[in-house]
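Participant: Below, each chain spelled out in residue letters.
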Amino acid sequence: MVSVLGKIIRALKKILRMDPLEGLSLFFSVILIVVVLLFMGSMVLYSLPVFEKFGIKFIVGTEWNPRKDIFGALPFVWGTFITSTIAIVFAVAISYGAAYFIVEIAPPKLREFLSSVIELIVAIPSVIIGLWGIFYVVPLVRDFLRPLFLPLSFIPFLSGETSGYSLMAAIIVLTLMITPISTSFVKNALESVPIELKEAAYALGATRYEVFKIVSKPLTRRAALAGIILAYGRAVGETMAVVMVVGNTPNISLSLFNPGYTLAAVIANEFLEATSVLHISALIALGVILFAWSLAVNALAILIMKRVRIS
Amino acid sequence: MVNIKVQVEGLSVWYRDKQILRDICILIPEKKITAVMGPSGCGKTTFLKSLNRLIEIHEGFKVYGKVLLDGKNIYDPDVDPMDIRARIGMVFQKPNPFPHLSIYDNVVVGLKLRGITDKKYLDRIVRETLEKVGLWDEVKDRLRSSAAKLSGGQQQRLCIARALALNPEVLLLDEPTSALDPLAAAKIENLLVDLKKEYTIIIVTHNIQQAARISDYAAFLYMGRLIEFGETKDIFTNPKNELTEKYVEGKIG
Amino acid sequence: MRPSLRSLTDKFYTAFAIFAFLILIIPLLHIILSIIINGIKRLDLELITSPPKSLLGSGGGILHAIVGTAMVVFIAMLISLPLGFFVGLYLAEFAKGKFAHFLRTLISVLAGIPSIIAGVFAYTVIVVVYGFSALAGGFALGIIAIPYVARSTEEALGSVPMEIKEAGFSLGIERWKVVLFIDVGYAKSRIIAGFLLALARVIGETAPLLITILGGINIPSNIFSPANAIPLVIYQYALSPFRIWHNIAWSAALLLMIIVLVINLGVRYYLKIKAIY
Chain U
488 MVSVLGKIIR ALKKILRMDP LEGLSLFFSV ILIVVVLLFM GSMVLYSLPV FEKFGIKFIV
548 GTEWNPRKDI FGALPFVWGT FITSTIAIVF AVAISYGAAY FIVEIAPPKL REFLSSVIEL
608 IVAIPSVIIG LWGIFYVVPL VRDFLRPLFL PLSFIPFLSG ETSGYSLMAA IIVLTLMITP
668 ISTSFVKNAL ESVPIELKEA AYALGATRYE VFKIVSKPLT RRAALAGIIL AYGRAVGETM
728 AVVMVVGNTP NISLSLFNPG YTLAAVIANE FLEATSVLHI SALIALGVIL FAWSLAVNAL
788 AILIMKRVRI S
Chain E
461 MVNIKVQVEG LSVWYRDKQI LRDICILIPE KKITAVMGPS GCGKTTFLKS LNRLIEIHEG
521 FKVYGKVLLD GKNIYDPDVD PMDIRARIGM VFQKPNPFPH LSIYDNVVVG LKLRGITDKK
581 YLDRIVRETL EKVGLWDEVK DRLRSSAAKL SGGQQQRLCI ARALALNPEV LLLDEPTSAL
641 DPLAAAKIEN LLVDLKKEYT IIIVTHNIQQ AARISDYAAF LYMGRLIEFG ETKDIFTNPK
701 NELTEKYVEG KIG
Chain F
25 MRPSLRSLTD KFYTAFAIFA FLILIIPLLH IILSIIINGI KRLDLELITS PPKSLLGSGG
85 GILHAIVGTA MVVFIAMLIS LPLGFFVGLY LAEFAKGKFA HFLRTLISVL AGIPSIIAGV
145 FAYTVIVVVY GFSALAGGFA LGIIAIPYVA RSTEEALGSV PMEIKEAGFS LGIERWKVVL
205 FIDVGYAKSR IIAGFLLALA RVIGETAPLL ITILGGINIP SNIFSPANAI PLVIYQYALS
265 PFRIWHNIAW SAALLLMIIV LVINLGVRYY LKIKAIY
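Protein chains in written order, with the numbering used here: chain U, 488 to 798; chain E, 461 to 713; chain F, 25 to 301.
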């Protein structure tokens, strides 16, 4: 008891002797911590009613019917999963290609310009991408991609009719949004490869691609991966661009031409019209799932980033 | 009479609007050590990188003139620079083994790129080249561990082994001992003297004593020009040019 | 045979890289061009000076949204600038060991949270008390901006050379004066640049506003009244069935894009000039 008191007194003395600016900035830092705790606490608190009522069924339930007060999150989890996963696969392929182009192929004079263009594109608000998606991507899916893939419609992923508002449209829009992000990371990683190591590989008679394969790619794997995971996190939580084109229908469908729904999209869409306590609680609970999801993704990125070796 | 392995004819190199090398003509004898000396900034490294077309991976350089390897201009349009670089090995100023590869893979990476995957053959090459550079006994028990864990001198010998594994005809070395302690440097010097039995060696150095110790022929570059070239003993005891004399006496930078 | 296969592989990947780059850049150019072409028609004085006209009338503007955005962003900056600045300053100058690590991790977590979640948070603590309001939206955007401000401040202060700090200390003045007048003074332009980029980052945020400010057609009278915002108007008008409103959405998008790009380009230019000294 006394020792605890002693500790407190010593801590207080330390604070009193602290540099005033250190004290002030520490104070703000503590406020930030409190805000984040409040953040998580209030979300969990508001989501409790729906978890109490449905338990695990809330997460694995496939029916979402606010009118009957039945809430199952699986359609949104599925929609978020399928759109973000396919988008990141496309994004990785394009990012590596584009980054390789910018770093190894494009003339150095152009390199800096292209890098800034890509960084500026990241700054475009997602609602603008969504607006463009409504007027260009949705018709593209309906009038071009659907007929194009008609011969392949025996594949479950490519079956069915479409209005254009679909998982496919969401995937295209998401890919466009996250590719500049991952490209930027991969590009920075490739640029950080010491020229001495590239020279060593060239001096052995390696081609440009072989230098990339044996030196640049393995050396930058972690840094690039961390960036790709961050981009994936963006895809998981992206709201506006998706809500505007995905069709907003809570079904679990394999076909990418069908409309779908994502966690972020349903929160954005139903929050204002939700009147029952349970409905609001269910939407906030979806927010908790989304929160946990992006937290896990970011934790992974931070873990990988920490081990990035700068040679 | 010695054979000429590399013949440089009127080599000029520009970097953007600056001329780095001016009309260099030089005959490099086979299976000898030729030292290229000169104060820093005289174009030594550029000269070396022009000999295996490594200069071409850097933007902004323009090369004029000819570099004949066994009488064939390596800058001819029908020549693949990848082949040239495999025939002319290179070792750099700072030891640069691939840090993410094992010692073993560092040695064979060039061979693997050329499509050689026969394990027995690769094992043999690893052993032979590592023995040649005097590294085998030190690393034979940890061939699979990372090359980044070796000491600076060991790393540099590994880089020489990496170049030798492709069985090159010419070995270019760019101040290979400048980043090493004197003991490790001496080991490399002895190694080079051994290697000249099999390879034509061109070494760039700003260390005058080193050039005197190990080279058979010496060239003195100054501000992009070849001032003097000849047998090392002549260059050091009886320089024809005043600049060379000043340089070997240590009066130029 | 081998070498030719190798150079063929090399050519294949070069072609792939060019293709990938075009796949990346062409849609993005298309986005920018279509916004300019569709948006230029109605990017006029009326758009930015008048409130919306009655439901189906032609013309009308988005003054209400411009005022709303100004209000919401102002509140967001009021919250995030002091908090982010001092947290960044604490991390750069004072924080040590585990606590510093914890704080940095917290900031990374905050930066990675989807913006809609910040809206949900604002709903649970502001909307349930004060109702849908500019305050709630500003609060949500403020939460989003904090990690950006904190990070850029920490980076800016971290870039102050040791010699400058040592020179400060050698004058025999207290730590807080050194930090505040010498370090912050030295990194001032980069800190301000960070503030501006955070502003550009939140000005286009839509999702959190969707569930916090309601977005009607009135010009908000105070921070407790419901408001609209430029990005929210884009969303609402884009989903409407009317051509006239689509045109306004495109023009609002052009306006927003210009604001965001001008801030971004301006900051880059500003830092470039400052870097000369």
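Warning: the hint list may mix true and false statements.
Here chain U is said to cover these stretches of chain F; the calculated rule only asks that three of the stretch's residues, wherever they fall, bring their Cβ under 8 Å from a Cβ of chain U [what the hints assert, rightly or not]: (1) 180 to 193; (2) 196 to 208; (3) 216 to 230; (4) 276 to 283.
To be clear, the hints were calculated from the coordinates, so they are not data collected in a lab. Even for Gly, the Cβ is constructed at its ideal location relative to N, Cα and C.
Participant: Out of the numbered hints, which ones does the structure contradict?
Facilitator: 1
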